[in-house]
Amino acid sequence: DAGVTQSPTHLIKTRGQQVTLRCSPKSGHDTVSWYQQALGQGPQFIFQYYEEEERQRGNFPDRFSGHQFPNYSSELNVNALLLGDSALYLCASSHSGGADEQYFGPGTRLTVT
Amino acid sequence: QKEVEQDPGPLSVPEGAIVSLNCTYSNSAFQYFMWYRQYSRKGPELLMYTYSSGNKEDGRFTAQVDKSSKYISLFIRDSQPSDSATYLCAIREYGNKLVFGAGTILRVKS
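Line order of the protein sequences matches chains A and B. With the working numbering, the residue at position 85 of the first sequence is 1532, and numbering never jumps. With the working numbering, the residue at position 6 of the second sequence is 28, and numbering never jumps.
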């Protein structure tokens, strides 16, 4: 049973560029949440997708957007990258609209130069 | 005041010691509490998931929730060098988003 997978593993971008990160949930899960983890900090909630809609959002600007596909996989898009966007981006999947345990993928490490 | 407070450590203990990791939280309405373990440059791994007050045991790990004092704990018995990691407490808020503490770095010396 494959767990949560994320791609790419690492990414280096320049300020002002745009980036797309991808996530495939654990088999049987229908909800995907995205988190940003800065170095030395706990993960911060960005948003959650269920039934292809954003159902909850954290305190992140509109530069952060997402999408969920019919197969439950998800993308996180970040526009106009800032140096402060450098972080580990984590995807977590869960069942039943997020009301169950959330399981995390390995993350995508984004470096903005 | 942060919603979840956690001492970042590092906490250094000898192999075989009992480890106590703790968090405090601010909102008494929280009902679901989790502990995750995160190795360096990896994603968090769910260790324990508890609802409301009381204890939950799984092998060498015991999670404890005291809602009256808004205090959650994770105890690790017979600690091993492989337990060296960052331990994150998390609370599930309304709408199912998780709010994390900053994480405690644990080092178990052999």
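Rather than coming from a laboratory, the hints here were simulated on the basis of the structure. Glycine included, C-beta positions come from ideal geometry on N, C-alpha and C. Incorrect hints may have been included.
[Claimed, not checked] Heads up, incomplete: computed chain A residues facing chain B, CB under 10 Å, no partners named:
| hint | residue |
| --- | --- |
| 1 | L1458 |
| 2 | T1478 |
| 3 | S1480 |
| 4 | F1492 |
| 5 | Y1497 |
| 6 | G1552 |
[Unchecked claim] Straight-line alpha carbon distances no greater than 30 Å define the calculated DSS-like cross-link-like pairs of lysine-lysine that follow:
| hint | chain 1 | residue 1 | chain 2 | residue 2 |
| --- | --- | --- | --- | --- |
| 7 | A | K1473 | B | K64 |
| 8 | B | K78 | A | K1473 |
| 9 | B | K78 | B | K131 |
| 10 | B | K92 | B | K24 |
| 11 | B | K89 | B | K78 |
| 12 | B | K131 | B | K64 |
| 13 | B | K92 | B | K78 |
| 14 | A | K1460 | B | K131 |
| 15 | B | K24 | B | K89 |
Status of the hints after comparison with the structure:
no., hint, verdict
1, L1458, "violated (14 Å)"
2, T1478, "holds (8 Å)"
3, S1480, "holds (7 Å)"
4, F1492, "holds (4 Å)"
5, Y1497, "holds (9 Å)"
6, G1552, "holds (5 Å)"
7, A:K1473 / B:K64, "holds (17 Å)"
8, B:K78 / A:K1473, "holds (25 Å)"
9, B:K78 / B:K131, "holds (26 Å)"
10, B:K92 / B:K24, "holds (13 Å)"
11, B:K89 / B:K78, "holds (14 Å)"
12, B:K131 / B:K64, "holds (21 Å)"
13, B:K92 / B:K78, "holds (17 Å)"
14, A:K1460 / B:K131, "violated (38 Å)"
15, B:K24 / B:K89, "holds (17 Å)"
In this structure, the earlier hints numbered 1, 14 are contradicted, and the remaining ones agree with it.
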